[in-house]
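Starting from the given sequences, assemble the full structure and let the hints guide the process.
Protein chains: 6
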Amino acid sequence: MPNALQEFRDYRAKMNERLLGADNLVIKRLFNLDTNTYAEGALSSRTKEMLGLVASMVLRCDDCIKYHLEKCFEQKVSTPEMLEIFSVANIVGGTIVIPHTRRAIEYWDLLQAGGEQAG
Amino acid sequence: MPNALQEFRDYRAKMNERLLGADNLVIKRLFNLDTNTYAEGALSSRTKEMLGLVASMVLRCDDCIKYHLEKCFEQKVSTPEMLEIFSVANIVGGTIVIPHTRRAIEYWDLLQAGGEQAG
Amino acid sequence: MPNALQEFRDYRAKMNERLLGADNLVIKRLFNLDTNTYAEGALSSRTKEMLGLVASMVLRCDDCIKYHLEKCFEQKVSTPEMLEIFSVANIVGGTIVIPHTRRAIEYWDLLQAGGEQAG
Amino acid sequence: MPNALQEFRDYRAKMNERLLGADNLVIKRLFNLDTNTYAEGALSSRTKEMLGLVASMVLRCDDCIKYHLEKCFEQKVSTPEMLEIFSVANIVGGTIVIPHTRRAIEYWDLLQAGGEQAG
Amino acid sequence: MPNALQEFRDYRAKMNERLLGADNLVIKRLFNLDTNTYAEGALSSRTKEMLGLVASMVLRCDDCIKYHLEKCFEQKVSTPEMLEIFSVANIVGGTIVIPHTRRAIEYWDLLQAGGEQAG
Amino acid sequence: MPNALQEFRDYRAKMNERLLGADNLVIKRLFNLDTNTYAEGALSSRTKEMLGLVASMVLRCDDCIKYHLEKCFEQKVSTPEMLEIFSVANIVGGTIVIPHTRRAIEYWDLLQAGGEQAG
Numbered sequence: 001m002p003n004a005l006q007e008f009r010d011y012r013a014k015m016n017e018r019l020l021g022a023d024n025l026v027i028k029r030l031f032n033l034d035t036n037t038y039a040e041g042a043l044s045s046r047t048k049e050m051l052g053l054v055a056s057m058v059l060r061c062d063d064c065i066k067y068h069l070e071k072c073f074e075q076k077v078s079t080p081e082m083l084e085i086f087s088v089a090n091i092v093g094g095t096i097v098i099p100h101t102r103r104a105i106e107y108w109d110l111l112q113a114g115g116e117q118a119g
Numbered sequence: 001m002p003n004a005l006q007e008f009r010d011y012r013a014k015m016n017e018r019l020l021g022a023d024n025l026v027i028k029r030l031f032n033l034d035t036n037t038y039a040e041g042a043l044s045s046r047t048k049e050m051l052g053l054v055a056s057m058v059l060r061c062d063d064c065i066k067y068h069l070e071k072c073f074e075q076k077v078s079t080p081e082m083l084e085i086f087s088v089a090n091i092v093g094g095t096i097v098i099p100h101t102r103r104a105i106e107y108w109d110l111l112q113a114g115g116e117q118a119g
Numbered sequence: 001m002p003n004a005l006q007e008f009r010d011y012r013a014k015m016n017e018r019l020l021g022a023d024n025l026v027i028k029r030l031f032n033l034d035t036n037t038y039a040e041g042a043l044s045s046r047t048k049e050m051l052g053l054v055a056s057m058v059l060r061c062d063d064c065i066k067y068h069l070e071k072c073f074e075q076k077v078s079t080p081e082m083l084e085i086f087s088v089a090n091i092v093g094g095t096i097v098i099p100h101t102r103r104a105i106e107y108w109d110l111l112q113a114g115g116e117q118a119g
Numbered sequence: 001m002p003n004a005l006q007e008f009r010d011y012r013a014k015m016n017e018r019l020l021g022a023d024n025l026v027i028k029r030l031f032n033l034d035t036n037t038y039a040e041g042a043l044s045s046r047t048k049e050m051l052g053l054v055a056s057m058v059l060r061c062d063d064c065i066k067y068h069l070e071k072c073f074e075q076k077v078s079t080p081e082m083l084e085i086f087s088v089a090n091i092v093g094g095t096i097v098i099p100h101t102r103r104a105i106e107y108w109d110l111l112q113a114g115g116e117q118a119g
Numbered sequence: 001m002p003n004a005l006q007e008f009r010d011y012r013a014k015m016n017e018r019l020l021g022a023d024n025l026v027i028k029r030l031f032n033l034d035t036n037t038y039a040e041g042a043l044s045s046r047t048k049e050m051l052g053l054v055a056s057m058v059l060r061c062d063d064c065i066k067y068h069l070e071k072c073f074e075q076k077v078s079t080p081e082m083l084e085i086f087s088v089a090n091i092v093g094g095t096i097v098i099p100h101t102r103r104a105i106e107y108w109d110l111l112q113a114g115g116e117q118a119g
Numbered sequence: 001m002p003n004a005l006q007e008f009r010d011y012r013a014k015m016n017e018r019l020l021g022a023d024n025l026v027i028k029r030l031f032n033l034d035t036n037t038y039a040e041g042a043l044s045s046r047t048k049e050m051l052g053l054v055a056s057m058v059l060r061c062d063d064c065i066k067y068h069l070e071k072c073f074e075q076k077v078s079t080p081e082m083l084e085i086f087s088v089a090n091i092v093g094g095t096i097v098i099p100h101t102r103r104a105i106e107y108w109d110l111l112q113a114g115g116e117q118a119g
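Protein chains in written order, with the numbering used here: chain X, 1 to 119; chain Y, 1 to 119; chain Z, 1 to 119; chain U, 1 to 119; chain E, 1 to 119; chain G, 1 to 119.
Hints are computed from structural coordinates only; laboratory data are not their basis. A couple of the hints might just be wrong.
In this list, chains with the same sequence are indistinguishable; a pair is considered to hold if it fits within one copy or across any two.
25 Å max Cα-Cα, derived DMTMM-like pairs, lysine to aspartate or glutamate [unchecked claim]:
id : residue 1 : residue 2
1  : Lys28     : Glu106
2  : Lys14     : Glu40
3  : Lys76     : Glu40
4  : Lys76     : Asp23
5  : Lys28     : Glu81
6  : Lys71     : Asp109
7  : Lys28     : Asp10
8  : Lys14     : Glu81
9  : Lys28     : Asp109
10 : Lys14     : Glu106
11 : Lys14     : Asp63
12 : Lys76     : Asp63
13 : Lys28     : Asp62
14 : Lys71     : Glu40
15 : Lys71     : Asp10
Remember, predicted model here, so these are calculated numbers, not experimental data.
Put into structure tokens, the structure is as follows:
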């Protein structure tokens, strides 16, 4: 698996464990609620992950983008679909989103190239 | 048709006409590109309008929210689906999105109650 | 009680009821978690409400600002303390926060003048 | 003078007086520094007001936009120049800036129509 | 002292010196005003540093977060208090703040582990 | 040429090529429109690049800042002018912009020291 994928996942897992181990109830519940938000419902998990991705892009958080790219990859979002998500994010959010889109397509290509799905 | 719907549409139409009549090529093309962004493609217009809505919510622009609510209404997004879009926006964007969600549900209810689809 | 206070509280209460009545579990839990966040803990509710206010100010959400102003008023934050919260928000967030500060001091004065504490 | 201009100016003046009268040194100095920022220097006041306007537009603060529109009007920025400022703001900041641009062109037209320069 | 602490402090000190040496009066005064903002007043420096931290978190600036973490460490903010500041930031600002919180807790742990107070 | 300049340019060029090669019409047109926005018009390209820079600074996107720094360097913006652009960005956007300003002055110094103009 490409290094950049592994590093992102490892750091994320380690620090989430640290945060959740800190015994702050609000943070624990927010993490839990975050997971529930993307569960199958009136909208599919697939659609919700796309919503989460576009929201992360216009708010311009690279780590959130990577996370939702992984989830979209698991949900078998195609590359043409992904590019249309990018196009909505760039039109709504403006050219300020372009640098994040460059990093997003790079990460997406890594996922396609050899990424196994995150556990 | 409820007043709040009509007023929003009228002001929007009048000022867009003013802006487009001002003969600035970049603005004209951006408006044009904006329309193209939500056209049927690898993703359906319906999905793209939901993406546009969630992006507008986390960026907290009430007029953009109203516009995409109208488009989602045209695309027959259901109320349970709409509430799940709201939930993604509020989880990703935080409680700072709640006041915009209050105004969004109010506008959505107006659309349901008697709104004809925007021309 | 001044009208502006009553109107804000009534609209907020009505639309929160609408949102919570809509039976979306994520939204319900987020509202619940929001309340818990400001409970007495390692930090006092008073300090947390000040934190909530400054966060609302730099994110520039007038309704969130009003809400936390009410809570700070209940917590007996003094006007000189309030002005120091405003000063932190304006230094960190820049002059873009000034218009929100103008509306904040107006609302704060209303609370001082005759506002009863929100129920 | 059109009402919308007068109302904006009056409210702004009244609340600035309230804030500055509150005797918080940081706020006073920030207001003072804000004025100095746009003084003639290596860049002209005219250019700096245009910079202040585009910054206000991408940060999407309507009152800040109005203020810098007034200053640009005083500095005899032309309407074609103004539209190019709008175009930069909309390209960098995205379509989320459009509703603010609608209100900006409306205010700009009011200034052209009958606005006397702010004192 | 851990490397990450030293590197952050060194780069910050070097570039601040560069900026302040550039002889732009507005920037110099803003830096000066920034220092004054957190001075003992109606609110304690300790409370103000917590306000500065939560503001930096919801605006999602990692370097600002590190700076205020150092200041909170100097002010002997405890880890349970810190986690409640994090919880307010994450509730108000949403899950988009989580990646910054992961880096914040890592930096906080470094400060606890061996960090001497910044000069 | 300093490494940091070359690395930024190479990565940007490579990923833009990747994005534009992906055959999404909206993204292609947005890139094209972006270029047109800064063309000579009622305002000079020089002024527009300064507008693009200040917008990028208050929105706090380091890569966008670097790009517009390069363009301002090509347009022979002087260092005292650059510092006044920085001062507007820091006053409007607040101290949250300072870390980006530290990185901006560092990149500007690299451009002055040995940067050839980007092709």
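Evaluated hints:
Taking identical chains as interchangeable, the C-alpha atoms of Lys28 and Glu106 lie at most 25 Å apart only when they sit on different chains, with a minimum of 17 Å there against 32 Å within one chain. In this assembly of identical chains, Lys14 and Glu40 lie within 25 Å of each other by CA distance neither inside one copy nor across copies; the values are 27 Å within and 29 Å between. In the homo-oligomer, the alpha carbons of Lys76 and Glu40 lie at most 25 Å apart both inside one protomer (15 Å) and across protomers (19 Å), since each shortest distance falls under that limit. Only between protomers do Lys76 and Asp23 lie at most 25 Å apart by alpha-carbon distance; the minimum there is 20 Å, versus 35 Å within a single protomer.
In this assembly of identical chains, the alpha carbons of Lys28 and Glu81 lie at most 25 Å apart only when taken from different copies (16 Å versus 33 Å within one copy). For the identical chains of this complex, Lys71 and Asp109 are intra-copy neighbours only, at 14 Å inside a copy versus 30 Å across copies, given an alpha-carbon limit of 25 Å. In the homo-oligomer, the alpha carbons of Lys28 and Asp10 lie at most 25 Å apart inside one protomer (19 Å), although the nearest pairing across protomers, at 32 Å, exceeds that limit. Taking the closest pair of Cα atoms, Lys14 and Glu81 come within 25 Å of each other only across two copies (22 Å); inside a single copy the shortest separation is 31 Å, beyond that limit.
Taking the shortest alpha-carbon separations for Lys28 and Asp109, only the inter-copy value of 19 Å comes in at or below 25 Å, while the best intra-copy value is 32 Å. Taking identical chains as interchangeable, the C-alpha atoms of Lys14 and Glu106 lie at most 25 Å apart whether they share a chain (24 Å) or sit on different chains (10 Å). Taking the shortest alpha-carbon separations for Lys14 and Asp63, both the intra-copy value of 14 Å and the inter-copy value of 21 Å come in at or below 25 Å. Taking identical chains as interchangeable, the C-alpha atoms of Lys76 and Asp63 lie at most 25 Å apart only when both belong to the same chain, with a minimum of 20 Å there against 30 Å between chains.
In the homo-oligomer, the alpha carbons of Lys28 and Asp62 lie at most 25 Å apart both inside one protomer (22 Å) and across protomers (22 Å), since each shortest distance falls under that limit. For the homomeric pair Lys71 and Glu40, the shortest alpha-carbon distances inside one copy (13 Å) and between copies (23 Å) are both at most 25 Å. Taking identical chains as interchangeable, the C-alpha atoms of Lys71 and Asp10 lie at most 25 Å apart only when both belong to the same chain, with a minimum of 16 Å there against 29 Å between chains.
Hint check: a violation occurs at hint 2 only; the rest are consistent with the structure.
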